[in-house]
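Peer 1: So the sequence lines, in the order shown, correspond to chains A and B. Be aware that the first sequence starts at 40, since it is given in my numbering, and climbs by one per residue. Be aware that the second sequence starts at 134, since it is given in my numbering, and climbs by one per residue.
These are computed hints drawn from the structure, not numbers from a lab. Some clues are possibly wrong.
Not close to chain A: a few residues of chain B, all C-beta gaps over 10 angstroms, as computed [claimed, not checked]:
hint	residue
1	146
2	177
3	184
4	218
5	234
6	244
Partial selection, computed: residues in chain B whose CB lies under 8 angstroms from chain A [what the hints assert, rightly or not]:
hint	residue
7	165
8	198
9	222
Idealized CB from N, CA, C, for every residue including glycine.
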Amino acid sequence: ETGVTQSPTHLIKTRGQQVTLRCSSQSGHNTVSWYQQALGQGPQFIFQYYREEENGRGNFPPRFSGLQFPNYSSELNVNALELDDSALYLCASSLEVGTYTEAFFGQGTRLTVV
Amino acid sequence: DQQVKQNSPSLSVQEGRISILNCDYTNSMFDYFLWYKKYPAEGPTFLISISSIKDKNEDGRFTVFLNKSAKHLSLHIVPSQPGDSAVYFCAASAPGSGTYKYIFGTGTRLKVLA
């Protein structure tokens, strides 16, 4: 059973550019959530995908968008990058949505916007 | 509006003693709570969870206590080991809301002294 993997691990982008982050969910998990963790803060919920459909969104602007593929892997896209987008981006997968079960996190992608 | 609060940014404990990490929440709709541990350069690792129908859950050295009337939960680690040194996040969820998202606290950095 493979865990949650994210790529790349580190990334440096220039303000105004676009970025795509990738996540492979744990085997058998059909729900993927994305979180942003700024320095000194807890992870903040961006959005969740369940069986390829968005299933809820946090307080993030539309320039944050995502996809989930038939194999349940997922992408997070951020357009028009701003300096404040510099953070650790975490992907988490879980077995189902709406059940009392834990989510498993990947190691994260550290994004730096300069 | 911080719905989940960890008011102690850091905690130091001697090896072999008990570590008690605290978490308060404000949203009475939360009915599932989790603790995650995070090492530097890694994603959060699930430790233990508790649903609101219980007031205690144990797993080895880790015990979580839930006081619903006080909207307070705590994580006890007994005995504490140097390998427990990490940042601990509590998280809460309201699965009945339809979106299975976690609201995280800001974390408590635990240092276990040998």
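Peer 1: Give a verdict on every hint.
Peer 2: Structure-based check of each hint:
Distance to chain A confirms residue 146 of chain B as a non-interface residue, since its nearest Cβ pair spans about 21 angstroms, more than 10 angstroms. A beta-carbon of chain A is positioned within 10 angstroms of the beta-carbon of residue 177 of chain B; the least distance is around 5 angstroms. Look at residue 184 of chain B: its CB is around 6 angstroms from the nearest CB on chain A, not clear of 10 angstroms, so calling it non-interface is violated. Interface exclusion of residue 218 of chain B from chain A stands, the closest Cβ pair being 18 angstroms apart, more than 10 angstroms.
Distance to chain A contradicts residue 234 of chain B as a non-interface residue, since its nearest Cβ pair spans about 4 angstroms, not more than 10 angstroms. Every beta carbon of chain A lies more than 10 angstroms from that of residue 244 of chain B, the smallest distance being close to 17 angstroms; the non-interface claim holds. Taking 8 angstroms as the C-beta contact cut-off toward chain A, the hint placing residue 165 of chain B at the interface holds, the least distance being around 5 angstroms. The restraint placing residue 198 of chain B at the interface with chain A is violated, with a minimum CB-CB distance near 18 angstroms, outside the 8 angstroms limit.
Proximity of residue 222 of chain B to chain A holds as hinted, the smallest CB-CB distance being about 5 angstroms (cut-off 8 angstroms).
Checked against the numbered hints above, the structure violates hints 2, 3, 5 and 8; every other hint is satisfied.
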